[in-house]
Amino acid sequence: MAAAAAARRLPAASLRQHRPLLLRPFASSSGDQQPITVETSVPFTGHKIEPPSRSVETTPSELLTFFRDMSLMRRMEIAADSLYKSKLIRGFCHLYDGQEAVAVGLEASITKKDAIITAYRDHCIYLARGGNLVEAFAELMGRRAGCSKGKGGSMHFYKKESGFFGGHGIVGAQVPLGCGLAFAQKYIKEGTVTFALYGDGAANQGQLFEALNISALWDLPAILICENNHYGMGTAEWRAAKSPAYYKRGDYVPGLKVDGMDVLAVKQACKFAKEYALKNGPLILEMDTYRYHGHSMSDPGSTYRTRDEISGVRQERDPIERVRKLILSNDIASANELKNIEKEVRKEVDDAIAQAKESPMPDPSDLFTNVYVKGFGVEAFGADRKEVKAVLP
Amino acid sequence: MAAALQTAALLSASPNPIDSRRFRLGSFARSLPGTRASFLVVRSDGSIPNSFTASSRSEKFITNAVATKSNAPASSTASKPGHELLLFEALREGLEEEMDRDPTVCVMGEDVGHYGGSYKVTKGLATKYGDLRVLDTPIAENSFTGMGIGAAMTGLRPVVEGMNMGFLLLAYNQISNNCGMLHYTSGGQFKIPIVIRGPGGVGRQLGAEHSQRLESYFQSIPGLQMVACSTPYNAKGLMKAAIRSDNPVVLFEHVLLYNLKERIPDEEYVLCLEEAEMVRPGEHVTILTYSRMRYHVMQAAKTLVNKGYDPEVIDIRSLKPFDLYTIGKSVKKTHRVLIVEECMRTGGIGSSLRAAIIDNFWDYLDAPIMCLSSQDVPTPYAGTLEEWTVVQPAQIVAAVEQICK
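Those sequence lines, one after another, are chains U and H.
Here full-length UniProt numbering is used: position 225 in the first sequence is 225, and no number is missing along the way.
Here full-length UniProt numbering is used: position 206 in the second sequence is 206, and no number is missing along the way.
Derived by calculation from the structure, the hints in this document are not laboratory data.
Here are the computed distance ranges between Cβ atoms for each label pair: (1) U:I78 <-> H:R345: 53 to 59 Å; (2) U:S53 <-> H:K128: 44 to 50 Å; (3) U:S298 <-> H:Q205: 48 to 54 Å; (4) H:D363 <-> U:A354: 51 to 57 Å; (5) U:E358 <-> H:Q375: 56 to 62 Å; (6) U:I78 <-> H:K123: 55 to 61 Å; (7) U:I78 <-> H:H114: 52 to 58 Å; (8) H:E268 <-> U:S298: 53 to 59 Å; (9) H:Q205 <-> U:Y252: 38 to 44 Å; (10) H:E268 <-> U:S365: 33 to 39 Å; (11) H:G155 <-> U:L217: 22 to 28 Å.
Covered stretches of chain H, as calculated for chain U (at least 3 residues, CB under 8 Å): (12) 145–157; (13) 222–228; (14) 266–273.
Fair warning: this is a prediction, and the values are worked out from it, not measured in the lab.
Note that CB positions come from ideal geometry on N, CA and C, so glycine has one too.
One chain only, chain H, in its complex shape:
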């Protein structure tokens, strides 16, 4: 249906958004502990729940790149205070709520049980749910991913954790051929409601093999859905949505984002897997990003705002399929696109996104799409070299200046 919405939006080129969308202005907290992040929830109003109406305007939102406590306006429609937690705790909360709700949800991975998870995402779950639902596997990614898929064929909902996304390359055959394709080759008989998750991305001098970005390798597998979380709020929401989804979902987390702190609502919420997140609305240029690069972009946005630019920052979240509806609306508004990603230049998410935007929104572009990605090198160990492989805020500022010339 989301695909239909996007297609309908494209074909009709109607200016009216056709469903209620929530625009969220989030401030970011980097890995500095203690930085409080407050967020403002802005809703497009006038919409009747559960129906698609031509809801139009949004309320006034803050144009600063960073919303500080003093900036929060009185017209905030934020719900009850909520509770503060770190990103890995948010993932755990989502996982725990789903395991409570559905007895077929189980977790398997290395060190997820008694050890509590190498990034503490599954801490405490083994004592609560027992060894049959939180399974410590031996170091055998190929087979335990295959086992997760086999269990999913019968109707269980396993959550398979790769200790590091890079290790899942050993299970690539299972993910590509069995996970992605079984629904198709069986003519719809089997569905694979599995979630494959784990941290990836460039960390702090972890070395080449532990700094891989697998989203570019998985993106052409048909039948797979991919999402990347970046804040505690969307981490929990996406984890819940991924578990509930009947499709195989790969949830990409990032090693450096696990200690982000944010206040999230107490009430239950589930985010849409195929939707992108508007981080900062703007007018001059659309910056598309995901995962950790979102924070580099927001840091660059601070500099850009001071220089007089007004970037629109969208966290695409859904890496497969792309939320072309949100992206398209933004492109039509700003006419300039910059993609900032952590993938390699060759064959990364950015190159597919660029192709998708050119295919669909060529007429709206006033400048060539720029794509900033990591260098096509194995990630070196030395700190300075590692910094140069990944996109830095200064490069983002320079790129925006070039696009907006």
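The shape of chain U in the complex, shown without the other chains:
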């Protein structure tokens, strides 16, 4: 992800080579692989497990990548907001701004072979997994160039090649799917893990505990991440859960509480979780995060919480601002350079929207494609093998 993100900044010529560390336009005299140690904002809290250390190692280039990726996600979600208001996006649109640190931090700690599955607030995780901005906007607008060919919509982004399994509309149903992915990973024995993301609202679903029980029983490499943004649709967590300590809800499954607005903390926790899960089975991570928008575009987001609360979090805990401060205080780049990155990102998003708008709507015949795998896929034959009854294409 770092390479791809950094590659986007460069002119096309240098994209031919995919070097792990690409030249930054703002090179400083010290190398940008120089490790920097940062302390997370708050220490981790563990439930039946020894939490990892607060000190996270990072590099200047990684911090800049974080900044750029999160700005891109923020910009994409805000652009989606205005597209929705101009009725180019219809139906349900659940925006992720405020929670970018979880997507970016998670991605920084794993490989594309690991699997991620999430619910309907999936635009940014799709992007983090290598999703294409044009395809994302096209899918939101229901165009043929969309990542699901316009047939899925906002809640059904998938990217099979990079291990992103969606994109699910029914609250909580993705967690058993995620444990199934972990089961397959254990079956195929490739040393990969699955991260199944869900929200504080879904944490009260029974199927979650069922899946957790089975995962713990069978030692599956499944990590359940509760993105606790404190509101399940319009209901605050203290009104929905008797025990809002979601990381403790696994009972016999250990848990870790992480500041989800601190991208380095997220990265540290996920790295730790992956190592743990490969050896010991499931783990629960609770990411303490916040969404600035309402539950979806049909929800103003201010009837169940105060505007002061929203702006308070934005001022004190915003993930992008935190990384910006880190970059500035460590002299990695100047404020001007960061502003330029933001301008670039804005332009990139605008270009992508323009390109997506040009994509046509799906053809009427697309209504019937992909209902079944083509040709039903089975060859039928009789006992004497001479008589093949139906070889379907």
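Please arrange chain H on chain U, whose structure you already have, making use of the hints.
Here is chain H on its own, set in the frame of chain U:
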């Protein structure tokens, strides 16, 4: 392609069957142990393998409803003797062959592993394949069905067993939204080659909650395929086909049919998931049925033959999609249709089938389509009441007499 065949057949209304079809005349063995069933394989000949030619006539077949040993003609083209087994053993054989052949096939369900399966379908598989391929799940249908679907998304081929089909109602969300729709909503990225199987139907005084017929609930889920097996022969063939299929398939078995005994071929065979089975060719009326009702129909057919009727009995097997090609050919021949099913009257397979036949074959009908289904009541415990909820052979005879008036 099957759909294309059916459409082509309908549009052209050509009398020539365009692919080689095997017509099988099966006798039935009810749950009486020890009743031997012999079957006669009749093939439409003149066909070149692997190609579609206008093969025409079939060989002479027996018009008796029940073929007994003495009736088997010398012109039988049956293959080697084969081996005899019960239906649950046939399912197990199919499952085992597929697990041998493909290491990605795994089984998950309650009590399928160490216990051997509550109906012994998976007996012995756990010791042979180990705990990772034959998985005992806790009683959590919603999540283990979801896990099966998640595993299928990566390319594994799980076979999920519901101990009783009725329990799968707890997993309905997973089956409908994830299993059926993921191929579509992901734009074709994921395929879900899962098989969901289990016994359903009205048993012997099992009570309302354990006598459910889920085919009517699942039938409108897009993206799902449904088949119902009724004999050891088609049970094994359909199980193998379902596992090999890249689509999610729900295989409906019946609690009362597990002990049916039949002789099946030794050689490997895979049946077509979308094809219906001609049980007894006839001239006067087409009786469409599936699963256990097939045996009630054949019993009624015995009475009908004695009364001079010649019913054509088709086991539709494929509940979604319907094999409108075979059904249509039959309707065009007999012009009268009776549907006998175990589903409830409201919203059952029969009502969809009736609508499909009316839509496609209205001009060929000489009488209204009759549909005999179970009563719209929860299945009672008392034996006599339970008998009255399900269609009995006497009612089938009466219905045929009424249609053929």
